[in-house]
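Engineer: Sequence:
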Amino acid sequence: MQKWTIRFSVAGDARFLSHHDSLRVVERLCARGKIRLKHSQGFNPHPVFSIALPRPVGVASQCEVVTISLDEPMTSQALLESMNASAPAGMRFVSAAEIDHKPSRPLKASYEIEVDAAAVEPMLSKLRSQDQWIVQRQRSSGKNGQFTPRPIDLLPLVDHIELTGKVLKFTLVRQGDAWARPGEVLELLGLDGRVDLARLARTNIEFESCSDIPAPAPCGTNDAPGLSP
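Just so you know, we're using the working numbering here: the sequence shown kicks off at 14 and counts up by one.
Where hints are given, some of them may not hold.
[Claimed, not checked] Ranges of calculated distance between the beta carbons of each label pair, as one might list FRET restraints: (1) N57 with L168: 34 to 44 angstroms; (2) D190 with T88: 44 to 54 angstroms; (3) Q188 with E94: 21 to 31 angstroms; (4) R49 with V180: 38 to 48 angstroms; (5) H114 with Q149: 37 to 47 angstroms; (6) P58 with Q145: 40 to 50 angstroms; (7) E94 with Q149: 19 to 29 angstroms; (8) A102 with Q145: 21 to 31 angstroms; (9) S53 with E94: 21 to 31 angstroms.
Note that these hints are calculated values from the structure, not bench results.
Using N, Cα and C, we set each Cβ at its ideal position, and we do this for glycine too.
My request is simple: use the sequences and hints to build the entire structure.
Structural biologist: What follows is the structure in structure tokens.
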């Protein structure tokens, strides 16, 4: 068995693919490219692959990472060429690294968006003066499909936030299994957590271990894509 981590970018209309849509696209690309994915054991075998840290729908990115396991070995060049041959517009597989262990977990994720600095700067200053950043997260109650609000403090989940000119940059950090949602951060600053999300770019995912993350953007650095979708 051979295992790869593959970095890919998402832009244009492809950024509106959901996490499950992206998984289906990867599986379909492997089938079309005659990439022999390893399957799980049991009565309902399924391909062994995963995409790290689900990307919010509408967000562009150049730092997505998918991990796949193969039954038959391939070179990185052949693997990338096979996947890119049928990749949808806006999705491109850019680099691959072979690993021999379970990939590490995402630790941080960085984002950028161009904003109206005059409107956002006072909101950011106010936010920095507070010792809690409470948002109401909708949670399914399990009864008749209803949702109930649950207060979440985002302060320990935001590692860094700054406004440089017209560009708002922020980094989310995992605490246990908990993450802040990018849209929640935007709403704290008076932005629309849905509409403005489609202008957001994910610039980096930092993993617990950098050794198995392929170039061009080594984990722990911000190799930012353009802000246009």
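Engineer: Now look at each hint and say whether the structure bears it out.
Structural biologist: Okay, the hints, checked on the actual structure:
1. About 42 angstroms separates the C-beta atoms of N57 and L168, a value consistent with the hinted range of 34 to 44 angstroms.
2. Taking 44 to 54 angstroms as the suggested C-beta distance range, the pair D190 and T88 does not conform, at roughly 36 angstroms.
3. As the Cβ distance of Q188 to E94 is approximately 40 angstroms, the hint placing it in 21 to 31 angstroms is violated.
4. Distance hint check for R49 and V180: the Cβ-Cβ separation is about 43 angstroms, which falls inside the suggested range of 38 to 48 angstroms.
5. Range check, H114 to Q149: about 40 angstroms between beta-carbon atoms, so the 37 to 47 angstroms window is met.
6. A hinted range of 40 to 50 angstroms for the beta carbons of P58 and Q145 is consistent with their spacing of about 47 angstroms.
7. Restraint check, E94 to Q149: a C-beta distance of roughly 47 angstroms breaks the suggested window 19 to 29 angstroms.
8. In this structure the supplied range 21 to 31 angstroms is violated for A102 paired with Q145, their Cβ-Cβ distance being about 43 angstroms.
9. The beta-carbon spacing between S53 and E94, approximately 27 angstroms, falls within the hinted interval of 21 to 31 angstroms.
The structure fails hints 2, 3, 7, 8 (numbered hints given earlier, in ascending order).
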